[in-house]
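> Residue numbers (this note's numbering), protein chains in the order written: chain A, 73 to 327; chain B, 73 to 327; chain C, 73 to 327; chain D, 73 to 327.
Do not rely on the hints blindly, as some may be mistaken.
You can't tell identical chains apart in this list, so a pair holds if it fits in one copy or across any two.
To be verified - The calculated BS3-like cross-link candidates involving lysine-lysine, where the alpha carbons are at most 30 Å apart (straight line), are:
(1) Lys-154 with Lys-308
(2) Lys-154 with Lys-208
(3) Lys-119 with Lys-327
These are computed hints drawn from the structure, not numbers from a lab.
Number of protein chains: 4
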Amino acid sequence: MEPWRTGITASDETNIHIYGYDVTSLMRGATFTDTIFLLHQGRLPSKEERALFDAILIGVSDHGPAAPSAAAARIVASGNRKSLEAAVAAGVLAMGDAHGGAAYDCMQLIADGIAIAQRDAISLQETAQRVVAEAKAARRRLPGMGHRVHTEDPRTRVLFEMARAYGVAREGVAFMQAMEMSARDLIRPLPVNIDGALSAILHDLGFLPPVGKLIFIIGRVAGVTAQVMEEHRREKPMRVRIPVMYDGPSPREIK
Amino acid sequence: MEPWRTGITASDETNIHIYGYDVTSLMRGATFTDTIFLLHQGRLPSKEERALFDAILIGVSDHGPAAPSAAAARIVASGNRKSLEAAVAAGVLAMGDAHGGAAYDCMQLIADGIAIAQRDAISLQETAQRVVAEAKAARRRLPGMGHRVHTEDPRTRVLFEMARAYGVAREGVAFMQAMEMSARDLIRPLPVNIDGALSAILHDLGFLPPVGKLIFIIGRVAGVTAQVMEEHRREKPMRVRIPVMYDGPSPREIK
Amino acid sequence: MEPWRTGITASDETNIHIYGYDVTSLMRGATFTDTIFLLHQGRLPSKEERALFDAILIGVSDHGPAAPSAAAARIVASGNRKSLEAAVAAGVLAMGDAHGGAAYDCMQLIADGIAIAQRDAISLQETAQRVVAEAKAARRRLPGMGHRVHTEDPRTRVLFEMARAYGVAREGVAFMQAMEMSARDLIRPLPVNIDGALSAILHDLGFLPPVGKLIFIIGRVAGVTAQVMEEHRREKPMRVRIPVMYDGPSPREIK
Amino acid sequence: MEPWRTGITASDETNIHIYGYDVTSLMRGATFTDTIFLLHQGRLPSKEERALFDAILIGVSDHGPAAPSAAAARIVASGNRKSLEAAVAAGVLAMGDAHGGAAYDCMQLIADGIAIAQRDAISLQETAQRVVAEAKAARRRLPGMGHRVHTEDPRTRVLFEMARAYGVAREGVAFMQAMEMSARDLIRPLPVNIDGALSAILHDLGFLPPVGKLIFIIGRVAGVTAQVMEEHRREKPMRVRIPVMYDGPSPREIK
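Isolated chain A, as found in the complex:
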């Protein structure tokens, strides 16, 4: 078999290097957040970038036992008491397009928008007008915008404040704010939500769209593991009783 090529990690029985850094020097002089950044970008973050990246990972880390990721993990834990990894994996699997996938879509929207602005030499504001108008015409939902309830997610405000204060905000943040203005003009007020905020900042930190989803997974695994432990410590096996209503065919015989 051909060797598998990798540019990430060199390891033998005694030494591990991640993108050229000896893992023991990272253990002594870096944080886990630095290392996640390094693994996904090939470089260590600045102090300001690290602060934003920490805030994003914390912001998605847990949303309680009813989020699909936590609920799936707890139900698996309920039927499978011995395999902790099975429960955590089920939680990861729930992070699809509808749950945790908005970051991927929104980061793609941002990357595409900025590419259009450059290609056509128009402003981000003009680009946003065009993107919103097209989405409106196609009755397509705008990822990263709007809330189920008419209140602002406080995590969004914190992320944008920190991005400005730390000098991290660049084109991604600018484009999402242009999108918010365009939506208000052309559709209705659709404030940037948490997915939109973290997508804008992850773009400005240099991440590619699919990595947006992977970072959601990394952050949320912290919460899913905690939910699984609580299920094991507080609840009995097979404790979940979901009410069911059958509305299928009446009893019949095999002919």
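Following the hints, position chains B, C and D against chain A.
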């Protein structure tokens, strides 16, 4: 259906509290590592505890594409280009008893050892002698001790040095060092390996044995996600060609 | 890399042989149930063995949306609309020790019991008395026996009737019936349940204990896939609303 | 919580009905293949339909240890000896778009083609010409057609022969044959492969496109479970040694 009880996270549409802390205050004033600690202990770590916890998470974060977690994730990514979460979940599933499970077993060994010492009012050194003698008689392997090659894992030394320097080392570290001395006396030199070192420190940081495994998962997911991204960016679908040798029955007919 | 050895399947680009049978001859002259049997035993079943094996696979195929396997699959499908395989995999992961694992444990009990009877040259009835007495003394639950409600599972009766009618019942069925008599004498009436019945018959069909669990998985995947399809066709994304009650620490500030 | 609605299975502690049939009557009078068909169509198959459905499930059941599904399952089994379900789930996760996903895409192609023919009142042959011409212009690959090597998959021939002999072949088979003729005219000989053959027949049996993928999963789980068992019985934990070549940054210091 009965509501699901939780002591971890209170959330509504606009606010999330983790063990009583508003998530936005964690985003502003804590690190992701702090939040992982909080989610699993119900309290924030001290500065010294955080440094050790960071070092442990970094130390297990990646071991290259050939580790079972990374290899399973890459093979799934190779057949499944659209579902990033499927590949990451497969990586999590590879972290069983043989890969990443040593922390659980070793933390249990430490917790049992310390409980025996207290119950029988004997020293940790005496307890370790007894535990090693029993394992030797039963030809049972000691988790967290010994290496495949005759060299020391540099991560072990760094963790123990940091644990002492930061005042985090307590009974867990003392017990594993007593185990090392006892093994040298009764069996042969079996230095504490990385699994043994992180188990000792996680015990001293207040974690329960199963959490040892969950922390391995949290740390390693950082690396597995990076391995999956590299597979997507550098390799073609279905590229893995494993050589196979068939040694089963010869061709035959259905009777 | 060393080639991976296998005695199951020989395949090249144009031909596939399973334990020596050309797959096209199986397609023409065998059933899927025959092929499952072949893959796990290396031989095709007799007509009578196939009838029992079909009955077992059907008997475990579905238990409605509230079983942990189906519930986990549906919750994952609810957050992840694009990856059908993610939902099915989550269903598989829920089949642990508490849900679907009884077959493994009960088949081990049967295999151990029969081995004891042979080793000590005592009857299955005498062995069962000893096993039940030991379980009673150790307050250990007997796998495959007893019901949550005081009624018999009709699937058990059908399996035992078919096993007798088709001449498949041997030592496994005899041992479980001896266990039922011994439990009545020494503990209280604990009728053989569906897990016990299929374990007895799978033993008599020549399967090893861990295969008992794998057969449960094969059968139940038929139902889990149907549950996932129904979730996609009838329900909206993110539709599951699990009620939550927080009972953790009160709001507090980071010090 | 609202009860979960289902039209598939009614169950209480003692009785289970699948689409109106008592599970014990299915155990006595049906096959597992009948039950899979019933779970996904709401009706039992005719004898002829069952023969084709058996042939399809057998045809996809195993392709040896090097297929991504089996390889992923074996690597997980190698690092995780205790959780059989974890290994099987990893195998399921490998069945994505590139491995096992062709049935979904090809069934969609067939359903769309037949819908176009009906809408525009043109023949299937004319429709196929149009579809092939469009795919050629867009340089888009045609799912279910062509082989990696220049030989015919014998499973394709068997499926089409059986479909004709049993009177199951209808519009789906006709459309794929029209596609083959059109490809020969407009591109080059691209014989219908196994994915195309089973897609045509599953369409004619009344299945929806996503179910094509689920049926691949059901069939392949039979093989994946056998591969996992063989890994446990023949191989040691952690036995897989994948050769790795590092081509990333040279060693460097943290600044």
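> Taking each numbered hint in turn, which are not upheld by the structure, reported in ascending numerical order?
none
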